[in-house]
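Student: With the hints as constraints, model all of the structure from the sequences given.
The listed protein sequences correspond, in order, to chains A and B.
Residue numbers for the first sequence follow the numbering used here, beginning at 1 and rising by one.
Residue numbers for the second sequence follow the numbering used here, beginning at 1001 and rising by one.
It should be emphasised that the hints constitute simulated quantities derived from the structure, not laboratory data.
On a predicted model such as this, the values are computed, not experimentally measured, just so you know.
The beta carbon of each residue, even a glycine, is placed where N, CA and C say it ideally should be.
One should not assume that every hint holds.
To be verified - Label pairs and their calculated CB-CB ranges:
#1 A/T23 x B/A1115: 36 to 42 Å
#2 A/H15 x B/T1290: 57 to 63 Å
#3 A/Q44 x B/D1272: 19 to 25 Å
Said to hold, decoys possible - Part of the chain A face toward chain B, derived, beta carbon under 7 Å:
#4 A9
#5 T11
#6 L14
#7 M20
#8 I39
#9 R46
#10 D49
#11 L50
#12 Q58
#13 P68
#14 V69
#15 L71
So the chains spell out like this:
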Amino acid sequence: MDNVSNRAAMTTWLHRYQGMPETITGDGPTDPSRTTGGIGDLLQARLGDLDFDSEPAQFLRLLHDLAPVELRGDDA
Amino acid sequence: MNQDIADLTLRQIAEAIDDKKISSVEATQACLDRMARHGPALDCIADVEPETALAAAATADAELAAGDRRGPLHGVPLAHKDMYYRAGRISGCGSKIRADFRPTETSAILERLDAAGALDIARLNMVEFALGVTGHNDVMPTPRNPWNTDYITGGSSSGPGSAVAARLIYGAFGSDTGGSIRFPASCCGVVGMKPTYGRTSRRAAMPLSHSLDTLGPMTRTVADNALLLQATAGHDPRDPTSSRLPVPDYMAELERSVGGLKIGVPENYFYDPVEDEVAALVRASLDVLTAAGVELTPVTIPGSITATNAMNSLITATEGASLHQKWLQERPGDYGRQTFSRMSSGLYTPATRYLQALRLRPAILAEFAEAVFGVADVLHIPVMIDPVPTIAESDLAANPGFLERITAMGHCTRPINYLGLPSLTLPCGFTANGLPTAFQLVGRPFDEATLYRAGHAYERDTDWTARRPIS
Chain A
1 MDNVSNRAAM TTWLHRYQGM PETITGDGPT DPSRTTGGIG DLLQARLGDL DFDSEPAQFL
61 RLLHDLAPVE LRGDDA
Chain B
1001 MNQDIADLTL RQIAEAIDDK KISSVEATQA CLDRMARHGP ALDCIADVEP ETALAAAATA
1061 DAELAAGDRR GPLHGVPLAH KDMYYRAGRI SGCGSKIRAD FRPTETSAIL ERLDAAGALD
1121 IARLNMVEFA LGVTGHNDVM PTPRNPWNTD YITGGSSSGP GSAVAARLIY GAFGSDTGGS
1181 IRFPASCCGV VGMKPTYGRT SRRAAMPLSH SLDTLGPMTR TVADNALLLQ ATAGHDPRDP
1241 TSSRLPVPDY MAELERSVGG LKIGVPENYF YDPVEDEVAA LVRASLDVLT AAGVELTPVT
1301 IPGSITATNA MNSLITATEG ASLHQKWLQE RPGDYGRQTF SRMSSGLYTP ATRYLQALRL
1361 RPAILAEFAE AVFGVADVLH IPVMIDPVPT IAESDLAANP GFLERITAMG HCTRPINYLG
1421 LPSLTLPCGF TANGLPTAFQ LVGRPFDEAT LYRAGHAYER DTDWTARRPI S
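Tutor: Next up, the structure:
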């Protein structure tokens, strides 16, 4: 019964916020806790490591900075 | 004669064509013969047009005879995962939804392979929209493992893994968002390079997750792999995420000594869920590397690594859902059940959590790099956590209980995509079921050259990549 009501609640949420049809064929969407179970807790636990000024684009810069010195040349 | 030609490595056939000892037509015919003979049983070929392929090969031979060598891959037949766009040609992406899709531009990877002289003779089957680790495809053929067709190839570059291992083709490009080059390389016993994020252009190749997607070669040997990456790596002004860093001479790097190279061996995390039989084979490969002159050093992996598998999945599902939302809404019945289910799960992700997962990347990468590359040049880890499973036992429709193992399959691979690092997968033996397994060498960003050097040294002292699954 819980699964049925969960499925109904998920379908309603998807319709309201993502515009998905209310009648979804097949098995419907995966319960997100199945594929990313615990991700909320994992992220919550790491929030303290997040510098206020960090942004995703810094990742590309860091990849570059960690490259072998001989490739970075004058930029090293 | 054709069997002998098909047995040559990519590097050997390229040299033989250049020396005019073997023609491109002969090489292409050898591949076509094997595709005709083994393709149906392996279900790895999405499409091949023999007459077109042979015409291209004849042109390559004529050019060479006239002294016009286009590049180091002149006349070499290749085939790729069916997600590399070529203007005017169908690129089905392993799906019903794009079964008739004809792109209007050609991918950067194919353009560069064309410029190097390679032929592109077939499209290879893949997991639907590249979302899946086992190789199952509910809407298109599921490729078979040439070592035993009851077993999975690994996914999502399932066709390339099967076709390269079975010597239907000399090399192929796959894609890797969470392990999609490394799983089939491990399951099928071939060499796979997942390059650094940004090392190869993603332009006009089907996207799954912009933040994680990488495109790389799958081949029978390390040298073959280096040849293909050499021809394709480097900045593409039309892919803003591609790096401007120069591309080293990978082939020259292959012959350098590995004496003194420090290989890190993890003391925690990576082996935690790995089955003993697989772990023993992976650890045994360290003995070969040690004999070749490398130094082993223990590495403590930072605790933050434990979050990276799940964060990779969250980013993939969320970015995938953002790409697919229109089709998810309008054509849900045209997706395979598993693909629809996984892809649509990304619609639930709170935007704040998605952005936090991306914002954490620099901090976790910095921590990982300091711990690993502060003491070692390369990290040595498993790929798979289990021996290769059968297609039947890993079919979630029939065996939903296998989901837990499938989720865990990314334990050693998804973190590497999240960190953006390069990783070379190399075969290292066979488990009791007769299927291959492999290890990964993970390097610092843009240091694919060192991975090739270490991998080549390993390969020189073993015969795994020379073994043939079928005659």
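Student: So, for every hint listed, does it hold in this structure?
Tutor: Checked hints:
no., hint, verdict
1, A/T23 x B/A1115: 36 to 42 Å, "50 Å, violated"
2, A/H15 x B/T1290: 57 to 63 Å, "59 Å, holds"
3, A/Q44 x B/D1272: 19 to 25 Å, "23 Å, holds"
4, A9, "11 Å, violated"
5, T11, "11 Å, violated"
6, L14, "6 Å, holds"
7, M20, "6 Å, holds"
8, I39, "5 Å, holds"
9, R46, "6 Å, holds"
10, D49, "5 Å, holds"
11, L50, "6 Å, holds"
12, Q58, "4 Å, holds"
13, P68, "5 Å, holds"
14, V69, "10 Å, violated"
15, L71, "5 Å, holds"
Against the hints set out earlier in the document, violations occur for numbers 1, 4, 5 and 14.
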